[in-house]
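If you read the protein sequences in the order shown, they are chains C and A.
In case it helps, the numbering used here puts the first sequence at residues 12 to 301.
In case it helps, the numbering used here puts the second sequence at residues 666 to 818.
Because the hints were derived from the structure by calculation, they are not lab data.
Every residue gets a Cβ at the ideal spot worked out from N, C-alpha and C, and that includes glycine.
Okay, the calculated beta carbon distance ranges per label pair: (1) A/Arg-675 with C/Gly-236: 46 to 56 Å; (2) A/Glu-732 with C/Gly-175: 51 to 61 Å; (3) C/Pro-238 with A/Ala-815: 36 to 46 Å; (4) A/Ala-714 with C/Pro-276: 43 to 53 Å; (5) A/Arg-675 with C/Arg-289: 39 to 49 Å; (6) A/Arg-760 with C/Arg-83: 32 to 42 Å; (7) C/Pro-238 with A/Pro-711: 35 to 45 Å; (8) C/Pro-197 with A/Ala-791: 11 to 21 Å; (9) A/Thr-810 with C/Arg-289: 22 to 32 Å; (10) C/Pro-293 with A/Arg-760: 42 to 52 Å.
Which stretches of chain A does chain C cover? Using the computed rule of at least three CB atoms under 8 Å from a CB of chain C, they are: (11) 678–684; (12) 703–709; (13) 748–756; (14) 772–780; (15) 795–803; (16) 806–818.
Partial pick of chain C residues on the chain A-facing surface, computed with a CB cut under 7 Å: (17) Pro-58; (18) Pro-69; (19) Ala-72; (20) Gly-78; (21) Thr-95; (22) Ala-112; (23) Ala-114; (24) Ala-120; (25) Gly-155; (26) Pro-186; (27) His-188; (28) Leu-193; (29) Ala-281.
Listed below, chain by chain, are the residues.
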Amino acid sequence: MAVTPPPPADPAPERVVFWFGCNIARHGEIVRLATRMLEAVGIEPAPAGGPSYCCGSPKEANARIAGGMARRTMEAFNAMGRDTVVTWCPSCHMNMDDFMAPATEAAFATAHISEVLHARRDRLAPLLRHRVAARRALPHLHHGFNGRVPVNALVPDLLRLIPGLEVPDHPCRAPGHMCSALAGVPGALAAAQRALLAAAEETGADALVTIFHSCHRETVSLERGRPGLRVVNWIHLLAESMGLAYRDDYKAWRNAPDPREAVGPDRLAAAGETAFERLVEPELRRPPPV
Amino acid sequence: MSAARLPPPRAPDLAALIRAESARLAAACTACGACVGACPMVPTLPAVAAAAPETVAAGMRAVLRGEAQAAPAGSVAWIGACTRSGLCTAACPERLDAAYMMRLAGMRLRGALGAGEEGGPPRLPAREDPGWSARVKAFARLTLTEEEQARWL
Ligand code: SF4
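Given only the sequences and the hints, what does the whole structure look like? Please build it.
In structure tokens:
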């Protein structure tokens, strides 16, 4: 008599570091949602980010300081004893390949979060049960980084798993690897945003989907005066479809008539009045590029 | 998981890596200018757009050779405007990672190896945001719980 083998046990969750970077601290809900998403597809992430896990690039004008910061981060990851570091930030990901691992032994492999979720899309798809508040979502894509990790295919593929959501193809690609790179070149960010708006109009999109945090930060202001257009990050949309609750606070603060009032006294106290006034408020009040 | 293993280190520290990689890539570069022709930032730089691509590329190669002071102003402006689109890498007939060369050149022009080694002061201003660390921490206090800050940062 044939004996049916028992079904394979669910493998132990893969333990990874989720290296979310530093500037995404503006969007804590994205870190939280991405962490929950990794858990939902059978991964046990240890989130790590902020200046303590710096890639060194903020100090790239001094190789001794930048190299020291990068080495400290490599040693911290090695000490965490996890097989894989899952990246979020394209800049961190490329710095790891180009400058960090080539100068300090890495006891881990790396993968970008879009690769991880895409590789496990058979587990993600059944969790995407809810329709989202968008009909046609245009991904905001850049030329850069896509040569390292094919984000321009992976993220739209994942968005297409959301029930009822159309994800049009459009050739619009912004220069650079993410929008923060454009902010330093006069006129470049505004030109990229105008092109993105034109692509949204051509495709009839009612949502622009950012991939990276710095793009989200720079793009949310496009909602102003455009009531039919929503700006969301790809993690927000996947979370919405999974039924995970979140608030995009940065967008609300940036687009509020009075950001200070929108942040509210409790959070302002948590940030510290001086820090808020000096480091946060000018950014929230900056005129939008277009 | 589709994770990529990282190759072993090829330099003892970042400065040595910048030196070694600059020399290796400069030696392979023919200054053909294909990377300049493919760059989406060139139209934003009228002086660079008007110059011969070969001349602009030769200036980038000079920086990688340790001759930063000799690089023409157009090459310096081009390197300074790099946004890491990576289209230069795809265009390089020598299959060099031109985007990585631009990154190395940018670090050197901003003074990564020091004025002594580069034969003069930095030719590009550092892109440092003096408030970066404090700003990241201030935003973290606004968007993460105290427990998340303690565990994740
Ligand atoms: S395309 Fe390649 S070989 Fe030609 S100048 Fe640029 S980096 Fe050098």
